[in-house]
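All chains should be modelled from the sequences, with the hints used to inform the complete structure.
For the sequence shown, our numbering assigns the number 11 to the initial residue and increments by one for each residue that follows.
Heads up, some of the hints might be wrong.
[Stated by the list, open to error] Label pairs and their computed distance ranges (CB to CB): (1) 72 <-> 119: 37 to 43 Å; (2) 149 <-> 76: 36 to 42 Å; (3) 203 <-> 179: 32 to 38 Å; (4) 213 <-> 191: 30 to 36 Å; (5) 76 <-> 152: 19 to 25 Å; (6) 76 <-> 20: 33 to 39 Å; (7) 221 <-> 181: 55 to 61 Å; (8) 227 <-> 191: 52 to 58 Å; (9) 157 <-> 116: 24 to 30 Å; (10) 186 <-> 210: 31 to 37 Å.
[To be verified] Straight-line alpha carbon distances no greater than 30 Å define the calculated DSSO-like cross-link-like pairs of lysine-lysine that follow: (11) 117 <-> 150; (12) 77 <-> 43; (13) 178 <-> 204; (14) 217 <-> 204; (15) 16 <-> 150; (16) 16 <-> 77; (17) 224 <-> 236; (18) 43 <-> 16.
By construction, these hints were calculated from the structure, which means they are not laboratory data.
Ideal Cβ positions, reconstructed from N, Cα and C, are used throughout, including at glycine.
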Amino acid sequence: MACCLKDELLCSICLSIYQDPVSFGCEHYFCRKCITEHWSRQEPHGTRDCPECRRTFTDPLLSPSLKLSNIVERYSAFPLDAILNAQRSSYPCKDHEKVKLFCLTDKSLVCFFCDEPALHEQHQVTTIDEAYEEIQREMKEQLATLQDSERGHTEALQLLQRQLTETKSSAKSLHATIGDAFDRLHRFLRERQKSMLEELEMDTARKLADIEHKIQRYSQQLRDVKEGIQILQERLNETGRHDFLEGVAVTSERCWKVSSLQSISQLLCGDSKIL
Numbered sequence: 011m012a013c014c015l016k017d018e019l020l021c022s023i024c025l026s027i028y029q030d031p032v033s034f035g036c037e038h039y040f041c042r043k044c045i046t047e048h049w050s051r052q053e054p055h056g057t058r059d060c061p062e063c064r065r066t067f068t069d070p071l072l073s074p075s076l077k078l079s080n081i082v083e084r085y086s087a088f089p090l091d092a093i094l095n096a097q098r099s100s101y102p103c104k105d106h107e108k109v110k111l112f113c114l115t116d117k118s119l120v121c122f123f124c125d126e127p128a129l130h131e132q133h134q135v136t137t138i139d140e141a142y143e144e145i146q147r148e149m150k151e152q153l154a155t156l157q158d159s160e161r162g163h164t165e166a167l168q169l170l171q172r173q174l175t176e177t178k179s180s181a182k183s184l185h186a187t188i189g190d191a192f193d194r195l196h197r198f199l200r201e202r203q204k205s206m207l208e209e210l211e212m213d214t215a216r217k218l219a220d221i222e223h224k225i226q227r228y229s230q231q232l233r234d235v236k237e238g239i240q241i242l243q244e245r246l247n248e249t250g251r252h253d254f255l256e257g258v259a260v261t262s263e264r265c266w267k268v269s270s271l272q273s274i275s276q277l278l279c280g281d282s283k284i285l
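Rendered as C-alpha cells:
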C-alpha cells in the first residue's frame with residue numbers, strides 16, 4: 011500500500027516526488043520544471059507532447075494542481091511508508107502500543123496515532139532508527155567541536171600560564187637589576203660627595219690660613235703706620251728750627267717705611283680680588 015501511494019506521487023520524468031505539480035489537458039501530472047525542460051528540448055521540432063501518453067499539443071497551458079500539492083506536502087511531512095515500516099519495529103508506544111516516530115525539528119518523540127499530525131505537518135519526521143543515527147551523528151559532531159574547543163582553551167590557558175611565569179620572573183630580574191644600578195649610583199654619589207667635601211674643606215682651610223696670616227702681617231704693618239704718623243706729628247710739633255732739623259734723617263727713614271706700607275696695602279686689595 012505504501013509503495014503504491016508513493017508511486018502515485020512520483021513524476022515520471024525525474025522519478026521523484028512532485029515539485030509544483032501541473033497538468034495540461036491529458037490529466038497526467040509532472041513537475042513544472044521537468045515538463046518545461048522537456049518541451050524546451052522539443053522546440054526545434056515545433057511540437058509539444060505528453061511524456062506519458064505521447065499526445066501532442068499546439069499551445070498547452072500548464073495548470074497547477076492544488077489538491078495534489080497538498081497531498082504531496084502531507085506525505086512529505088508524514089511519509090506513509092515510513093509509518094508502516096515503523097509499525098513493524100520494536101518500539102511500541104507505552105500507552106497504545108503503537109509505533110513511535112521522531113520529529114527532528116522539535117527533537118521529540120511522536121506517536122502518529124496519539125499526537126495530532128497537524129502539529130508536525132511541516133516538520134522533518136522520521137523513524138526511531140533513522141532519528142537515532144541522525145542524532146548520534148549530530149552529537150558526535152558537537153562532541154568533536156567541543157573537544158576541539160577544549161584543546162584550544164587548554165593550549166591558550168597553558169600559554170597564558172607560561173607568560174605569567176615568565177613575566178613574574180622577568181619583573182623580578184629587572185627589579186634586582188634596577189636596585190643594583192641605583193645602589194652603585196648612590197655609592198658613587200656618596201663617594202663623590204665625600205671627595206668634594208674634603209676638597210672644599212682643604213681649600214677652605216688653606217684660604218683661611220692664608221687670610222689669617224695676612225691679617226697678622228697687616229695688623230703689624232698698621233701698627234707701624236700709626237707709629238710713623240705719631241713720629242711725624244711729634245716732629246711737626248717742634249717749634250724750634252734747630253730741634254726740628256735735628257734727627258731729620260731718622261724721620262725721613264720712617265717716612266720711607268710708611269710709603270712702602272701704603273704700596274703693600276694696595277697689593278692687599280689685589281689679593282682680596284684673587285680670593
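Evaluation of the provided hints:
1. 72 <-> 119: 37 to 43 Å: holds, 42 Å
2. 149 <-> 76: 36 to 42 Å: holds, 40 Å
3. 203 <-> 179: 32 to 38 Å: With Cβ atoms ~36 Å apart, the hint holds.
4. 213 <-> 191: 30 to 36 Å: holds, 32 Å
5. 76 <-> 152: 19 to 25 Å: Once the Cβ atoms are compared, 41 Å apart, the range 19 to 25 Å for residue 152 and residue 76 is violated.
6. 76 <-> 20: 33 to 39 Å: Violated: the Cβ-Cβ distance is about 19 Å, outside 33 to 39 Å.
7. 221 <-> 181: 55 to 61 Å: holds, 58 Å
8. 227 <-> 191: 52 to 58 Å: holds, 54 Å
9. 157 <-> 116: 24 to 30 Å: holds, 28 Å
10. 186 <-> 210: 31 to 37 Å: holds, 36 Å
11. 117 <-> 150: Holds, at roughly 16 Å.
12. 77 <-> 43: Given pair residue 77, residue 43 holds - Cα atoms ~19 Å apart, limit 30 Å.
13. 178 <-> 204: violated, 39 Å
14. 217 <-> 204: At roughly 20 Å apart (the allowed maximum being 30 Å), residue 204 and residue 217 satisfy the hint.
15. 16 <-> 150: violated, 33 Å
16. 16 <-> 77: holds, 16 Å
17. 224 <-> 236: holds, 18 Å
18. 43 <-> 16: Holds. Residue 43 to residue 16 sits at ~20 Å (cutoff 30 Å).
In terms of the numbered hints stated before, the structure departs from hints 5, 6, 13 and 15, listed from lowest to highest.
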